[in-house]
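Peer 1: If you want the building blocks of each chain, they are given just below.
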Amino acid sequence: GENVEQHPSTLSVQEGDSAVIKCTYSDSASNYFPWYKQELGKRPQLIIDIRSNVGEKKDQRIAVTLNKTAKHFSLHITETQPEDSAVYFCAASRNSGYSTLTFGKGTMLLVSP
Amino acid sequence: DVKVTQSSRYLVKRTGEKVFLECVQDMDHENMFWYRQDPGLGLRLIYFSYDVKMKEKGDIPEGYSVSREKKERFSLILESASTNQTSMYLCASSPGQGAYGYTFGSGTRLTVV
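Line by line, the protein sequences give chains A and B. Sequential numbering of the first sequence, starting at 1, is according to my numbering. Sequential numbering of the second sequence, starting at 1, is according to my numbering.
Each hint should be verified, as a subset may be incorrect.
[As the list claims (entries may be wrong)] Under the rule of at most 20 Å between Cα atoms (straight-line distance), these lysine to aspartate or glutamate pairs were calculated in the DMTMM-like manner: (1) A:Lys68 with A:Glu5; (2) B:Lys18 with B:Glu69; (3) A:Lys37 with A:Asp17; (4) A:Lys71 with A:Asp84; (5) B:Lys3 with B:Asp59; (6) A:Lys71 with A:Glu2; (7) A:Lys42 with B:Asp38; (8) A:Lys68 with A:Glu56; (9) A:Lys105 with B:Asp59; (10) B:Lys3 with A:Glu39; (11) B:Lys55 with B:Glu30; (12) B:Lys71 with B:Glu22; (13) A:Lys105 with B:Asp38; (14) B:Lys57 with A:Glu2; (15) A:Lys37 with B:Asp38; (16) B:Lys57 with B:Asp38; (17) A:Lys68 with A:Glu2; (18) B:Lys3 with B:Glu72; (19) A:Lys57 with A:Glu15; (20) A:Lys42 with B:Asp59; (21) A:Lys105 with A:Asp49.
In case anyone wonders, no lab produced these hints; they're calculated from the structure.
Bound-form chain B, shown alone (with noise of 0.2 Å):
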């Protein structure tokens, strides 16, 4: 029944790696999500796109970056870890336009040490 699938749910990576975060859906969604999830600030958006080779930024783009080479495949690149990204990192989708009918995946945990 999983329909937002994250590759990992636990990753721990060393300050300075590049670290990619994968998202797969099945639901042939146009629109996919990267959320980070801490303690006392909720859900903030990094990236999303709205097709396929297209990203926008979100609230908190910096040290982030994105690839979506097909339309159910979205990732999430640290292009350089630091401790302060270590967080809960949750993808998103959702059907055409507008904001109905976000579908979680189930979140990576990542520590960077």
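Only chain A is shown next, with the shape it has when bound in the complex (with noise of 0.2 Å):
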């Protein structure tokens, strides 16, 4: 089955800085990966996805850029704001017939004021 690994797993940050949050695959097939962030006794919702024919996506402040031949992803924050400040999950999955979310084991990002 697919494994997705996380990292860094805390990541504390200055208000105005950007950050990044790495995540690898192992399963060749997977070709959709979304990232969800969840705020501290809040449900995890969903910010941003990406599939794999496309390398790069981008909402506001928020990127995902994906490297299918590395099996690797990642999440980039620019100006990051006290709101930003939650734990990110990245997941990974092949997104056809009853496939589900692989998740990694979470970034807790701090953004200092």
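Using the hints, put the two standalone chains together into the complex.
Peer 2: This is how it looks when you write it as structure tokens:
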């Protein structure tokens, strides 16, 4: 089955800095890679996703890049703000038929004012 | 605006009890999932269902069972609760085939004493 590794487990930055979270996956057939944000005490929510037919996707201050050859993908947050503080999870899936998401172990991002 | 509802936010049960965790979604989604969330371990899939009365084992099904008698409701059952099942349990649902569009519930924090 799929295995997703996520690094770092914790990340502390100053407000305004950039933050990068990296994930690797094992199943070369995986082709869908979403990122979820979970604020303290709340449910995980999808913030951005990428499919294997593109290498990069941006949404305002958030971007995701994908390197299919190396089997890794990354989340980039620019101009971080205190409200970006949360746990971020990457996930991977074959996204066909009855496929499920396999999640990384999460990264706790702390943005200090 | 709540679309995936978990019946209890917090539960405390005794070792050996039979425990039912309930999840209801109002989006007419075909797929429903139960994940367990533990610090440092991320989200791990327990069971999932792609149709009424259908169930599939996830990565960590031991000690759990599920029931899906109606499309909107997916129950997780701990046949004989043990202390190592103390955890946060997250229900999710998604439409159609593939891994798109997971919507999570707010979670049930279960403590087994």
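Peer 1: Does each hint fit the structure? Answer for all of them.
Peer 2: Hint by hint, here is what the structure shows:
Proximity of lysine 68 of chain A to glutamate 5 of chain A is assessed by CA-CA distance (about 15 Å); at most 20 Å being required, the pair is judged to hold. Simply put, lysine 18 of chain B and glutamate 69 of chain B have alpha-carbon atoms about 19 Å apart, close enough for the 20 Å limit, and the pair holds. Annotation: proposed proximity of lysine 37 of chain A to aspartate 17 of chain A holds, straight-line Cα distance about 18 Å (limit 20 Å). At roughly 26 Å between alpha-carbon atoms, lysine 71 of chain A and aspartate 84 of chain A are farther apart than 20 Å, so this suggested pair is violated.
A distance of roughly 25 Å separates the Cα atoms of lysine 3 of chain B and aspartate 59 of chain B; the hinted pair therefore is violated under the 20 Å criterion. Taken as a hint, the lysine 71 of chain A and glutamate 2 of chain A pair is honoured in the structure, with Cα atoms around 12 Å apart against an allowance of 20 Å. About 15 Å separates the Cα atoms of lysine 42 of chain A and aspartate 38 of chain B, which keeps this hinted pair within 20 Å; it holds. In summary, the hint linking lysine 68 of chain A to glutamate 56 of chain A is supported, as the alpha carbons are separated by about 11 Å, within the 20 Å threshold.
Distance restraint check for lysine 105 of chain A and aspartate 59 of chain B: the Cα-Cα separation of roughly 14 Å lies within the 20 Å cut-off, and the hinted pair is therefore satisfied. Distance restraint check for lysine 3 of chain B and glutamate 39 of chain A: the Cα-Cα separation of roughly 18 Å lies within the 20 Å cut-off, and the hinted pair is therefore satisfied. A distance of roughly 12 Å separates the Cα atoms of lysine 55 of chain B and glutamate 30 of chain B; the hinted pair therefore holds under the 20 Å criterion. At roughly 13 Å between alpha-carbon atoms, lysine 71 of chain B and glutamate 22 of chain B fall within 20 Å of each other, so this suggested pair holds.
As the CA atoms of lysine 105 of chain A and aspartate 38 of chain B are separated by approximately 9 Å, the hinted pair is consistent with the 20 Å bound. For a cut-off of 20 Å, the pair hint linking lysine 57 of chain B to glutamate 2 of chain A stands: about 15 Å separates their Cα positions. Only pairs whose Cα atoms come within 20 Å are accepted, and lysine 37 of chain A paired with aspartate 38 of chain B is accepted, the gap being roughly 16 Å. Distance hint between lysine 57 of chain B and aspartate 38 of chain B is fulfilled; the C-alpha atoms sit about 19 Å from each other, no more than 20 Å.
A distance of roughly 15 Å separates the Cα atoms of lysine 68 of chain A and glutamate 2 of chain A; the hinted pair therefore holds under the 20 Å criterion. Between lysine 3 of chain B and glutamate 72 of chain B, the direct Cα distance comes to roughly 11 Å. Compliance with the 20 Å bound is thereby established for this hinted pair. Only pairs whose Cα atoms come within 20 Å are accepted, and lysine 57 of chain A paired with glutamate 15 of chain A is rejected, the gap being roughly 23 Å. Between lysine 42 of chain A and aspartate 59 of chain B, the direct Cα distance comes to roughly 24 Å. Violation of the 20 Å bound is thereby established for this hinted pair.
Restraint check for lysine 105 of chain A and aspartate 49 of chain A: satisfied, since their Cα atoms lie roughly 17 Å apart, inside the 20 Å limit.
Comparing the model with each numbered hint stated earlier shows that hints 4, 5, 19 and 20 do not hold.
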